Amino acid sequence: MAKKIKIYIDNRPYEVEDGQTIMQAADKLGYHIPRLCYHPKLSIEGACRVCIVQVEGMKNYVASCAYPVADGMKILTHTKELRTARRDIVELILDNHPEDCHTCERDGICELQRLAYAMGLRHRHFEGERKCYAKDLSSESVIRDPNKCILCGRCVRICSEIQKVNNLGYAYRGFKTVVIPAYDMPFSESVCTACGQCINVCPTAAFVEKNHTQELFEKLQDDNFVKVVQFAPSVRAAIGEAFGFEPGVSKEKETVAALRRLGFDYVFDTQFCADLTIMEEASEFLERLKGKGKLPMITSCSSAWMKCMEQFYPDLIGNISTCKSPMSMMGALLKTYFADKIKTEPKKILSVAVMCCTAKKYEASRPELRINGMPAVDIVVTTRELAWMIKSGGVDFINIKGEDFDKPLGLSSGGGAIFGATGGVMEAAIRTAYELYTGEPLMEIEINELRGLKGIKEGLISLDGAQVRVAVAHGLGNANALLEIVRKDPGRYHFIEIMGCPGGCIGGGGQPYAGLNSIPLDEDTLKKRAQALYDIDRHKTIRRAHNNPDIRRLYREFLGKPLGEKSHELLHTHYKAKFPRGIIPQELTTR
Amino acid sequence: MSCSVKAQDSKLSELNRFMDALKGASRSESNLIAILHKVQELYGYLDRDAMDEVAATMNIPTAHIWGVATFYHYFKLKKPGKHVIAICLGTACYIKGAGEILEKLKEELKTDIGGMTSDGLFSLEEARCLGACGLAPVMMIDGKIYGSLTPKKVSEILQGYRKRSSGE
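Note that the protein sequences, when read in sequence, are chains A and B. Its first residue numbered 244, the first sequence is counted upward by one per residue in my numbering. Its first residue numbered -19, the second sequence is counted upward by one per residue in my numbering.
So here's chain A without its partners, still in its complex pose:
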C-alpha cells in the first residue's frame, strides 16, 4: 500500500496515493486533463506539452503526465492562463499540419481534430511552414505519411516497447525530424512486421493501412467474376464499434447481410477454415508428439508473427506449424474445391477477405501461398475499411436484418470463433487434439488458464497420462519474452500459440479506431471483444472443430484426411529466413 498524501486540485482537497503522476491522480478523481502523446501502456514521453498544469511554487507549467504528486501540492488544471497556453500549444501543432481534414482518412475520428475542438480553437493566427515529404507507399500493409506526423512518438514507443520490433525511430532534428525506419529505408525493406499497431495508436493519419476499398468497389461491379468473401472472427466482434455500438456486441449476421448488399455472391466464414486449421494443426501436433518433427510446435496463424519469426527467430523455423492461416486455407479452397463445386474457372473467382489485421494484406501477397499461379486471396480489406465501405455503399448497418453464411464453407464450431482472442487457437486445438488422441471428448472445454490478457499464459494438459505443457503469448513483445525462454530451455513446452497483436486478432491493426470514450488498445475494449467471441462459442451446439459436419464432408469429398496429400498441397506451407537491413544473420553475430 502506497503512502497516502494530501493534494489540492483546483482548490479542492483530495487524499491520494503517493508515487503516481499528477495525471494519474487526476484521472481517478474525475478530472480529464487534455493530453496527446500520453498512453497509459507506453513510457512517458512528455513531448506534446498539452497536459500542462500549474503547480503552486513552480515557475513554469509542468507536464502532468510526467510530474509526480507530492504531499501538500496545489495543482490548478483549468485557469484562464492554462487554457490559453494549451490552446496555443495545439494551435502551433496545427500550424505545421496539412489543412486537409475534409479529405483525410481520419476525418471525424482524429485525436488532433478532437483536441483542437476541445481546446476551443476557432481561429488560426499563423500560416506555419508545412512539411513536404513523399508518402512511403512501399509496404503492402502500412502507409507512412510524415506530413501528418505530429511527432507524439506513440508509434515509436508501441513498436519498441509493446511489439519489440524497433522498426521506428526519430531521425534528423528540429523541424526536419521524421519518424522513419533505420537508414530511411522504405517500409517494404525494413523490419516492419506489418502488424499495424502504429496505425492503431497514431492520433492522426500519419500511419494508415494501404487502402483497397476503391479497387474492391470496382471489382464488385465486374460481372466477369463470382464475388466471394470471407471474414475473420474478430471482425464481427468489433465492427459494431465503427457504427457507435458498444464494444463486445457480435455483429456476425449483420455483417453477412451487409456484404451481400455490397454485391458479394457468396459470404463464407473464416471460422470454417479456423476449424480446418485446427484439424490440420492438432493432427500435426500429435504427429510431432509421437516424435515426427520438432517440439515445441508453434502456431503460424498470425501473419505479423510469421514475418517477425522469419526475421528474428529463423532458428525456430523447424518448430513452426506448417499450416497456412485460416484466411489462406479459405483462399486455397475457393480456387479449387469451391470453384469445382460451382463449375466456375478458378481465375473467375474474386477471393476477398475482411480481416482485423493489416499484416494479412502482406500475407496475401506472399508468392508461396499462390494456388496454381493465382493469389489465394485477391483483396484483403480491414474491419475499418469494410465499415467505411458499408457506410459509403449506402447500407443501413444499424437496422439491417441479420442473415446466415452461405454453404458449404460457412458453418463453424465454437472453436473456430475463439481463434480471434489470445489463447483461442490453443484452446480450440486442445479440444480437438484431446479427442483425436484419447478417443474421448474433452469434458471441460473452456480452458480459463488460457483466457485473458496476461502477457504469457501457461497450461498443463493431461492426454491419457501424458503431460502436455502449453504456453500462449500475445503481442510480439510477449512473444519475444516467451521465445527467449524457449531458446534457453527448448524442452519446457510442447505447444505454443503466438499472436502478433495485443489481445490477439481482436486487437489487430485493422480494427476500428478508438471512439470517443476509449483509447487505442484499451484493455476493457479488448476484453469485451474477446467476450463477444466466447459468447458465440458458448451459444454454438458444435463447439469442437472435428464435429463440424461440413468439415467432415470437406475431408470426405475432397481432402481425404488431415495431413493427407491434398492437405499438404493446399493447406500447408514452409517458411524461410529473411534478413532485411538492420538484422544480422545469427551465424555472424555469434562469432
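Keep in mind that the hints are not guaranteed to be accurate.
Chain B residues, not near chain A, derived (Cβ > 12 angstroms throughout) [claimed, not checked]:
| # | residue |
| --- | --- |
| 1 | Glu21 |
| 2 | Pro41 |
| 3 | Ala49 |
| 4 | His53 |
| 5 | Thr97 |
| 6 | Glu106 |
| 7 | Leu115 |
| 8 | Gly140 |
Capping the alpha-carbon separation at 30 angstroms, the derived lysine-lysine pairs in BS3-like fashion look like this [stated by the list, open to error]:
| # | chain 1 | residue 1 | chain 2 | residue 2 |
| --- | --- | --- | --- | --- |
| 9 | B | Lys58 | A | Lys374 |
| 10 | B | Lys84 | B | Lys133 |
| 11 | B | Lys133 | A | Lys419 |
| 12 | B | Lys59 | A | Lys378 |
| 13 | A | Lys407 | A | Lys770 |
Worth flagging that the hints you see were computed from the coordinates, not collected in a lab. Computed from a predicted structure; not experimentally measured. In this text, a Cβ means the ideal position worked out from N, Cα and C, and glycines have one as well.
Given the structure of chain A, go ahead and fit chain B onto it with the hints provided.
Relative to chain A, chain B alone:
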C-alpha cells in the same frame, strides 16, 4: 580487391575490440555516441555495415542508432572522397573573397557543398572558421591549410592532387 576486403576486416575487428571494452558496462547503450565516433574515425563516415555491427554487438536497435547518427551534424552519413576539402566561409574569409573561391571549387569539382566528385577523389565541405584568418581566404585539404587563395591558385592546388593520385 582482396586487399580492400582485408582493410575492411581490420577496421571491423578494431571496432569490435573497441566495443568489447564497453559491452559489459551498465547501460552500455549510453556509449553509443563514443562508438559512432570510433566508426567515423575508422571509416571516415558512418558506414552502414559498421552500424549494423554496432546494433548487433551492443544490442541497440538500428532505428535508434540511425536517430543518433542523423541528429548530430558531426556524423557523416555519406562516404567522403579520398581528399576532403573544407572551404572556410567565416567572416574574414568571406570578406576576402571566399565566395569566389567556393564558386571556383564548385566549377572545378562539378559538385556542391556536401557532395563528392564523380571519381570519388574530392568531397567538398564548408567550415565556419579554421583559425587562420590572417591567411584569408583559406581552405583545408585533409588537414592541410592553403591560404591567400585565388581562383587560379585553387586550380593549381587541385591539379597537384589529381597528378599525385594518377601517379599512384
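What are the numbers of the hints the structure violates, in ascending order?
Checked against the structure, the hints that fail are numbers 2, 3, 4, 11, while the rest are satisfied.
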